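Peer 1: Sequence:
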Amino acid sequence: MHIYVKVLKGNEIEVAVSPSHTIEDVKAILEMQFCMPAAQQKLVYKGKTLTDGKRLSDYHISDGDKLFLFQKKGDMSGASTPITPGQTSVGTPILPSEMGSCTTTVLWDKLYEFLQRHFTKSDARKVLLEFQKDFYGQLKNLSLDDIERLAASKLRVNANGNVNGHERMT
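All residue numbers for the sequence shown refer to our numbering, where the first residue is -9 and numbers rise by one.
Hints are computed from structural coordinates only; laboratory data are not their basis.
Heads up, a few of these hints could be off.
To be verified - Taking lysine to aspartate or glutamate pairs in the EDC-like style, the calculated list, with each CA pair at most 16 Å apart, reads:
{"id": "1", "residue 1": "K116", "residue 2": "E103"}
{"id": "2", "residue 1": "K116", "residue 2": "D99"}
{"id": "3", "residue 1": "K44", "residue 2": "E14"}
As the list claims (entries may be wrong) - What follows is a set of in silico ranges between Cβ atoms, one per label pair, in the way DEER data are often shown:
{"id": "4", "residue 1": "E4", "residue 2": "F104", "range": "15 to 23 Å"}
{"id": "5", "residue 1": "E120", "residue 2": "K144", "range": "20 to 28 Å"}
{"id": "6", "residue 1": "P9", "residue 2": "R107", "range": "44 to 52 Å"}
{"id": "7", "residue 1": "D99", "residue 2": "G127", "range": "16 to 24 Å"}
{"id": "8", "residue 1": "D124", "residue 2": "K144", "range": "18 to 26 Å"}
{"id": "9", "residue 1": "F109", "residue 2": "T39", "range": "42 to 50 Å"}
{"id": "10", "residue 1": "M(-9)", "residue 2": "R107", "range": "25 to 33 Å"}
{"id": "11", "residue 1": "L145", "residue 2": "V34", "range": "41 to 49 Å"}
For clarity, every value in this text was computed on a predicted model and none was experimentally measured.
Cβ atoms here follow ideal geometry from the backbone N, Cα and C, with glycine treated the same way.
Could you build the full structure based on these sequences and the hints that come with them?
Peer 2: Put into C-alpha cells, the structure is as follows:
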C-alpha cells in the first residue's frame, strides 16, 4: 500500500509500505528520504503520536492515508530541518555540506563539481536543481518493467539466458 508523509512546512512524499510494517520500519524509510535520524522523528496520524513498537495496522492506517512528520525539539544536536530529497526549503539544490550523512550526497557533490567547470556557481545550482527534480520525478514513475529493461541492458543478457558469458544458475 502507499501512504503519504507530510513534513511540517515542507513537501509531501508517497511511501510504499505494508500494514505489517512497524512505526520503526516507517521511520527507517523516512530517515533515508529526509536525512533525519529516526530518533528525531515524530509521526502523527489523525492527531495521535505513533509509537515505535506498534504496526501500521494497529492504527488502522490504510492505502492513501496521510501521516505527518515532525522533528523532535529535544534531539536537535546539529541536525538540520527535514528536507525533501534533492531540495531545501528555499528550492536550492542540496550540497554535501547541507545533507549530513545522506547516501546521495556523493552523487550530487560530483555532479555539482562537474557543473561548476562549465557554468557559473549560480547557473550550476539551477542546472543541478532541475536535474534533481527530473531525476526524482523519473524515479517516482519507474515501473518494474523499466527496472528489468535497465538491468538487462546493463548486464547484457544473451539469448541463452547467460549474463556476460557466465552460465545461469538454477
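Peer 1: Would you mind marking each hint as holding or not holding in the structure?
Peer 2: Going through the hints against the structure:
Pair hint K116 plus E103 holds up; C-alpha atoms about 13 Å apart against a cutoff of 16 Å. Of the supplied pair hints, the one linking K116 and D99 holds, its CA atoms being roughly 14 Å apart against a limit of 16 Å. With a CA separation close to 8 Å, the supplied pair K44 and E14 stays within the 16 Å bound. Between E4 and F104 the C-beta distance comes to about 30 Å, which lies outside the given range of 15 to 23 Å.
Checked against the hint of 20 to 28 Å, the C-beta distance between E120 and K144 comes to roughly 25 Å, which is consistent with it. At about 49 Å, the CB distance of P9 to R107 agrees with the hint of 44 to 52 Å. Evaluation of the 16 to 24 Å hint for D99 and G127 yields a pass: the beta carbon distance comes to about 21 Å. Restraint check, D124 to K144: a C-beta distance of roughly 20 Å satisfies the suggested window 18 to 26 Å.
Separated by about 45 Å at the C-beta atoms, F109 and T39 satisfy the suggested range of 42 to 50 Å. The hinted window of 25 to 33 Å between M(-9) and R107 is violated, with their beta carbons roughly 45 Å apart. One distance hint, 41 to 49 Å for the beta-carbon pair L145 and V34, holds here, with the actual separation near 43 Å.
The structure fails to meet hints 4, 10 from the earlier list, while all remaining hints are met.
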